[in-house]
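The working numbering applies: residue 24 is where the sequence shown begins, and numbers increase by one.
Any given hint might turn out to be false.
The following label-pair restraints were derived from C-beta to C-beta distances [said to hold, decoys possible]:
no.	residue 1	residue 2	range
1	S77	Q146	38 to 48 Å
2	V41	S77	36 to 46 Å
3	S148	R38	17 to 27 Å
4	Q134	S167	16 to 26 Å
5	E73	P31	12 to 22 Å
6	K141	S78	35 to 45 Å
7	A108	N137	47 to 57 Å
Simulated from the structure, these hints should not be mistaken for lab results.
Remember, it's a predicted structure, so these values are computed and weren't measured experimentally.
We treat Cβ as the ideally placed atom computed from N, Cα and C, and that holds for glycine.
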Amino acid sequence: DCNCELRPMRDWMIRKNVPATVVPDCASPPRLMSQSWDRLDLEEFACLPEISGSSNNFRGLEGDEVTLVCRVNGVPAPRVRWVRAGRLLGNTTITSSYNSGRSFMLRSEGQMSNLTIKSADIQDSGVYTCNAENKAGKAEVVLS
Numbered sequence: 024d025c026n027c028e029l030r031p032m033r034d035w036m037i038r039k040n041v042p043a044t045v046v047p048d049c050a051s052p053p054r055l056m057s058q059s060w061d062r063l064d065l066e067e068f069a070c071l072p073e074i075s076g077s078s079n080n081f082r083g084l085e086g087d088e089v090t091l092v093c094r095v096n097g098v099p100a101p102r103v104r105w106v107r108a109g110r111l112l113g114n115t116t117i118t119s120s121y122n123s124g125r126s127f128m129l130r131s132e133g134q135m136s137n138l139t140i141k142s143a144d145i146q147d148s149g150v151y152t153c154n155a156e157n158k159a160g161k162a163e164v165v166l167s
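Hey, can you work out the whole structure from these sequences and the hints?
Following this line, the structure appears as structure tokens:
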């Protein structure tokens, strides 16, 4: 399998410039099947991200700061994104006539990704999705 379990060996071979007399082809995963592993970027030796929320239901009082937390693990480290109602969220303030001055703060450290809603109100209730993606694929957890 050309996945994250082979990554350390492939990395060592690249760093030490170890020649392979017979270069293996990948038997799996399907996206890499029959490809010669010496032509693959190290990032391709990946395993599907694993993701979980610290709690799937969050409550807060109006005006409170509310933080949603997801734990992400993967090799290579996955890119994490937060989505609400089909819109990508980030370190931004969203301003519209309906939702005036909503402020979101993203913070990722190690395996944790936090989405903080500053001064939450009823308009902030709903479903939030934490997505994690790397070369092996995508995983998500839904928080509300």
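Now for the hints, and whether the structure bears them out:
1. S77 - Q146: 38 to 48 Å: Hint violated: Cβ distance 23 Å, outside 38 to 48 Å.
2. V41 - S77: 36 to 46 Å: holds (42 Å)
3. S148 - R38: 17 to 27 Å: violated (50 Å)
4. Q134 - S167: 16 to 26 Å: holds (22 Å)
5. E73 - P31: 12 to 22 Å: 19 Å Cβ-Cβ, so the 12 to 22 Å window holds.
6. K141 - S78: 35 to 45 Å: violated (20 Å)
7. A108 - N137: 47 to 57 Å: violated (20 Å)
Violated hints, listed in ascending order, are 1, 3, 6 and 7; each of the other numbered hints is respected by the structure.
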